[in-house]
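For the record, the sequence lines run as chains G and Z. The first sequence begins at 2 in the working numbering and counts up by one. The second sequence begins at 53 in the working numbering and counts up by one.
These are computed hints drawn from the structure, not numbers from a lab. What you are looking at is a predicted structure, and each value in this text was computed from that prediction instead of being measured. Among the hints, a few may not be true.
Unchecked claim - With a Cα cut of at most 16 Å, we get these calculated EDC-like pairs of lysine to aspartate or glutamate: (1) Z:Lys295 / G:Asp125; (2) G:Lys216 / G:Glu228; (3) Z:Lys295 / G:Asp96; (4) G:Lys54 / G:Asp173; (5) Z:Lys426 / G:Asp96; (6) G:Lys54 / Z:Glu307.
Residues per chain are reported as follows:
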Amino acid sequence: MSTLLEVSGVSVTFDGFKAINNLSFAIADAEMRAIIGPNGAGKTTFMDIVTGKTRPDEGRILWGDANISLLGLSEARIAREGIGRKFQKPTVFEDQTVRENLLMALRNARGPLQVLFYRPRREDLDRVHELSGEIGLLDALDRKSGELSHGQKQWLEIGMLLAQEPRLLLVDEPAAGMTPAEREHTTALLVEAAKSRAVVVIEHDMEFVRRLGCKVTVLHEGAVLAEGSLDHVTANQEVIDVYLGR
Amino acid sequence: MSQGVLAKNPSVLTFLAVLGLFTLGVTLMSEWAGTEIVSTSLVKTLGKTLCLALVAVAMDLVWGYTGILSLGHFAFFGLGGYMIGMWLMYERTHGIVVSSLAEAPIPPTEAEVVAAIGNQIFGVVGSSEFPPIWAFADSLALQLVLVVLVPGILAFVFGWLAFRSRVTGVYLSILTQAMTLALALYLFQNDSGLRGNNGLSGLQNLPGLDHVPQSSISIWFFWASAGALALGYVLSAWIVSGKFGSVIRGIRDNEARVRFLGYPVETYKLFVFTVTAMVAGIAGALYYPQAGIINPAEIAPIASIYLAVWVAIGGRGRLYGAVIGAFFVSLVSSWFTGGQAPDVNLGLYTIKWVDWWLVLLGLSFVAVTLLAPKGIGGLVDLWTGRLAPDRHGADLGPDAGSLREAEAEQ
Chain G
2 MSTLLEVSGV
12 SVTFDGFKAI
22 NNLSFAIADA
32 EMRAIIGPNG
42 AGKTTFMDIV
52 TGKTRPDEGR
62 ILWGDANISL
72 LGLSEARIAR
82 EGIGRKFQKP
92 TVFEDQTVRE
102 NLLMALRNAR
112 GPLQVLFYRP
122 RREDLDRVHE
132 LSGEIGLLDA
142 LDRKSGELSH
152 GQKQWLEIGM
162 LLAQEPRLLL
172 VDEPAAGMTP
182 AEREHTTALL
192 VEAAKSRAVV
202 VIEHDMEFVR
212 RLGCKVTVLH
222 EGAVLAEGSL
232 DHVTANQEVI
242 DVYLGR
Chain Z
53 MSQGVLAKNP
63 SVLTFLAVLG
73 LFTLGVTLMS
83 EWAGTEIVST
93 SLVKTLGKTL
103 CLALVAVAMD
113 LVWGYTGILS
123 LGHFAFFGLG
133 GYMIGMWLMY
143 ERTHGIVVSS
153 LAEAPIPPTE
163 AEVVAAIGNQ
173 IFGVVGSSEF
183 PPIWAFADSL
193 ALQLVLVVLV
203 PGILAFVFGW
213 LAFRSRVTGV
223 YLSILTQAMT
233 LALALYLFQN
243 DSGLRGNNGL
253 SGLQNLPGLD
263 HVPQSSISIW
273 FFWASAGALA
283 LGYVLSAWIV
293 SGKFGSVIRG
303 IRDNEARVRF
313 LGYPVETYKL
323 FVFTVTAMVA
333 GIAGALYYPQ
343 AGIINPAEIA
353 PIASIYLAVW
363 VAIGGRGRLY
373 GAVIGAFFVS
383 LVSSWFTGGQ
393 APDVNLGLYT
403 IKWVDWWLVL
413 LGLSFVAVTL
423 LAPKGIGGLV
433 DLWTGRLAPD
443 RHGADLGPDA
453 GSLREAEAEQ
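Next comes chain G alone, as it looks inside the complex (with noise of 0.2 Å):
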């Protein structure tokens, strides 16, 4: 397997608070990873670099088989590369369909001439029945997301993400608000995503990290501090003491 994204040597400042501190980060082609850590340790500020929001001070990021510099593209730019995120908070254009709201994620030309001359083709519509039949909404299609619950905007912004067919999905807290069922489905979302793309999952509940199965990255002060599967770092002295412990 190849390395997708490499991150190394990543550092960051926010008026003198160090946010990320040399931090290096690799994911390969097909990987799930969870990122864990307290509050403050720099997870969402990691995505954000990574998704060219905040532009760090050092560091060098590659990505692809071709290792282009993510450094200094922007963010829709680096959408298009394909790297996809999902926000903590589920963020779907409310006032639109369902339909509407996956239409746009679909992955197409992006220019504003081709989307005003832009008409579904019949794969387009076959792609978004099919996802939103794997997300659970397909009787919605026609509904405003703004009417949905909590869970299935979730859904929905997932449902989005996959319809980007990203290389890498950042997910940050995909399971937080959610009941003990809808956590099931997403768990399986991700999981069945994760078989033709890098995940990497940002979650602060460690029963939902067991479910995803895979390699864990804690984060501590903007820096990793251990790596490995779930047993290996929960079983670390350092990791219980700054996170499990307290």
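Mind docking chain Z on chain G? Use the hints.
Then chain Z, alone, in the frame of chain G:
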């Protein structure tokens, strides 16, 4: 293409039918048709109002749909008026100069004619030279191109600078106000080349058509304005109906999210800003020949703020709302300020509407914004029974499903 749009937006057909009936009705009642129920000056007022409705539709596209509160679109409207005004004034003065020089013993040369025109036009600002910007004033075709091109280029350059630096929200509104103020101040100068605060006048007289009465010319412009509004409305409905509409409404509601979907948000904003500026230019080019005069006061910052008020009162985010707002507010405004509204005698103080109209307008704007954000257009929702999901940003827990079903039933 347009068939799909019409099928998806039944309101477009309704709008076109209402506009068609309105145009037909005014035409039949006009002086031109011989019935004289509607005076020529009222035909001109209604024709001008149609142009205001067109620029309001453009404003709705940029504000109501894309979420850019531009307080400078009247600058583009005015520029369109100036561009057509240059040709009207040049050609008409040309006719006058040629006929007066025809009595001279020696036939005038082309250079003498041009010099005489320059003298006529620029005498009021103490000059007789044609500034370079009048280079194409003798060509109707070129000035018509400039009607679209000049506002388009200004909007493109301004938008490129502003959007690229990610200026958004109230800061962008202030920048657009600064733009329109700067343009108005520049045009107020006598050496701006557009006759300073005199502006361009006599635009209601079409060159070479001196024998045609104003009753006919007014109805021609009325038809042209109605046609332009119909075209602009259908074009806007087409733009907002498909995926492009989804993307710009997405930009309005959550710009960052659209960016993470891979859409170049700045390019979209620039596209909408520039296209609507061009539409505003066309609306202005139809408005000012009906008004007869254009001067820099027309593009003062307050004009663009009025435009936003119309769209807010009419109901932003729906195209017919913009049209309703422009018609309602501008006609009510001319009723109040025209001295027709009866004074209200409170005993100690008499409310004269000419003075108090702006206060009333300001209060209604605040009231609409606070109490009825959907504006007058929101009344249509009451009638059609459409219910908007009223939980923007509120994350209901998974157990609230039953309540949601009840809402959907309604």
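Hint by hint, here is what the structure shows:
1. Proposed proximity of Lys295 of chain Z and Asp125 of chain G is supported: the alpha carbons are some 12 Å apart, at most 16 Å.
2. With a C-alpha separation of about 7 Å, the suggested pairing of Lys216 of chain G with Glu228 of chain G holds against the 16 Å cut-off.
3. At roughly 14 Å between alpha-carbon atoms, Lys295 of chain Z and Asp96 of chain G fall within 16 Å of each other, so this suggested pair holds.
4. Straight-line distance between C-alpha atoms of Lys54 of chain G and Asp173 of chain G comes to about 15 Å, which keeps the hinted pair within the 16 Å bound.
5. Using a Cα cut-off of 16 Å, the hinted pair Lys426 of chain Z and Asp96 of chain G holds, with the two alpha carbons roughly 14 Å apart.
6. For the proposed pair Lys54 of chain G and Glu307 of chain Z, the alpha carbon gap of about 13 Å is at most 16 Å, so the pair holds.
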